[in-house]
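Sequence order for the protein chains is D and F. The numbers in the numbering used here rise by one with no breaks, and the one at position 162 of the first sequence is 1612. The numbers in the numbering used here rise by one with no breaks, and the one at position 51 of the second sequence is 178.
To be clear, the hints were calculated from the coordinates, so they are not data collected in a lab. Mixed in with the good hints there might be a few duds.
These stretches of chain D come out as covered by chain F in the derived footprint (C-beta under 8 Å, 3 or more residues) [claimed, not checked]:
hint: 1; region: 1585 to 1594
hint: 2; region: 1635 to 1641
Just the calculated beta-carbon pair ranges, DEER-fashion [said to hold, decoys possible]:
hint: 3; chain 1: F; residue 1: 179; chain 2: D; residue 2: 1519; range: 12 to 22 Å
hint: 4; chain 1: F; residue 1: 165; chain 2: D; residue 2: 1471; range: 44 to 54 Å
hint: 5; chain 1: F; residue 1: 172; chain 2: D; residue 2: 1619; range: 37 to 47 Å
hint: 6; chain 1: D; residue 1: 1605; chain 2: F; residue 2: 167; range: 40 to 50 Å
hint: 7; chain 1: F; residue 1: 169; chain 2: D; residue 2: 1609; range: 51 to 61 Å
hint: 8; chain 1: F; residue 1: 195; chain 2: D; residue 2: 1563; range: 35 to 45 Å
Just so it is clear, the structure is predicted and the values come from calculations on it, not from any experiment. Yeah, the Cβ is synthetic: ideal placement off N, Cα and C, and Gly gets one too.
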Amino acid sequence: MAIAADHAHGAMHDDLAPRVRLQTNRFGLWLFIASESFLFAAVIAARFYLLGFETAEELNQTLGLGITMILLVSSLTAYLAEESIATNDQKKFLRFTWLTVLLAIVFVGGVAYEWSEAFSHFPPGDLYGTLFFTTTGLHAFHVITGALALAAVGWVGRDGRWNDEDHWPVEGVVKYWHFVDVVWVFIFPTLYLLQ
Amino acid sequence: MALVKPHHHIHRRQRFIIGGLVFAALVILTLIEWAGAVYATKPMLVIGPAALAKAALILAFFMHVRELWAVDELAEADHDLAGDEGGDD
Chain D
1451 MAIAADHAHG AMHDDLAPRV RLQTNRFGLW LFIASESFLF AAVIAARFYL LGFETAEELN
1511 QTLGLGITMI LLVSSLTAYL AEESIATNDQ KKFLRFTWLT VLLAIVFVGG VAYEWSEAFS
1571 HFPPGDLYGT LFFTTTGLHA FHVITGALAL AAVGWVGRDG RWNDEDHWPV EGVVKYWHFV
1631 DVVWVFIFPT LYLLQ
Chain F
128 MALVKPHHHI HRRQRFIIGG LVFAALVILT LIEWAGAVYA TKPMLVIGPA ALAKAALILA
188 FFMHVRELWA VDELAEADHD LAGDEGGDD
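So here's chain F without its partners, still in its complex pose:
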């Protein structure tokens, strides 16, 4: 029962490195938020974009939001597979 893993072609070590880099970016952005709250004259201009960037990073790399769009690609693959099976008959 082989389930589809959209990112399975990426090497395991590479995935771990990506996770580490995303985590480092999240920590840096959090510290930027903190500094923005303490030092910036208009903190919202620093905190807002930083928070959005953090959310985008988590959605993209940790939650694999692209899977929602990949459904169409998988459906096409299924269609191709069904076509191949039909051709064999």
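With the rest of the complex left out, here is chain D:
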């Protein structure tokens, strides 16, 4: 009787453990995202403290709008990748994951092009240039790490490693990717639009 009770308790524990683990993972990721938010908030606050609403006319607003749209599309494809694996659609999961990685590469290419132009506009020591390179560089670094993480879950999942019941790494990476998008939602108007 006691053994049966122990087995029942053990079975219940096994059943609850993944759920608790998932909750813990999610909470930990949100804490990480919150800490990252403070970092970007500090950089954006510095921009307003040092320059007010002043904006550099040299920046290419059209290019800024273009790479913003690319990042928004990548957020949709990342969302679709997560939803696809949540319904066990392996083919669509892989397709949308790699499409997101491709869009990330295009975005970084756009930022690199913007930098190549900005170097000629902002000499070393220029205040706006310092803030521009710091903010976009920090964000681009996050885009690159997010793209690498997406590529990793895509590569690991190429043989059906993830499924509708077990795909926390996909969910975590996609959440991180959306966070990168949210950050750009504030960086784009802060650097390119305000005047």
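Based on these hints, arrange chain F on the given structure of chain D.
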């Protein structure tokens, strides 16, 4: 090993439609920001709310921020489940 998916009850097609609608809203808000920067006399009054709305949409629909509050609901479900198991003994 069944992990909890708070929105799993929503039909797959419906989820895809939600994603498309949110994306469309994000694009429209971005264009509003752009227009506000070009045409508005006080751009901040247009750009600020639009940026906040975009962030809220992504947090709510793409990042499922509600999961943070759903933890309490799951804990209650766990408690109920444990109670049921205890009742069987």
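To see whether the hints hold, each was checked on the structure:
1. Check result for the region 1585 to 1594 of chain D against chain F: violated, 0 residues qualifying (beta carbon to beta carbon below 8 Å, three or more required).
2. Given as covered by chain F, the region 1635 to 1641 of chain D passes the check, having 4 residues with a CB less than 8 Å from a CB of that chain where 3 are the minimum.
3. At about 19 Å, the beta-carbon gap between residue 179(F) and residue 1519(D) stays in the expected band of 12 to 22 Å.
4. Distance hint check: the CB atoms of residue 165(F) and residue 1471(D) are about 49 Å apart, consistent with the given range 44 to 54 Å.
5. Checked against the hint of 37 to 47 Å, the pair residue 172(F) and residue 1619(D) passes, with Cβ atoms roughly 42 Å apart.
6. Checked against the hint of 40 to 50 Å, the C-beta distance between residue 1605(D) and residue 167(F) comes to roughly 46 Å, which is consistent with it.
7. In this structure the supplied range 51 to 61 Å holds for residue 169(F) paired with residue 1609(D), their Cβ-Cβ distance being about 55 Å.
8. A hinted range of 35 to 45 Å for the beta carbons of residue 195(F) and residue 1563(D) is consistent with their spacing of about 38 Å.
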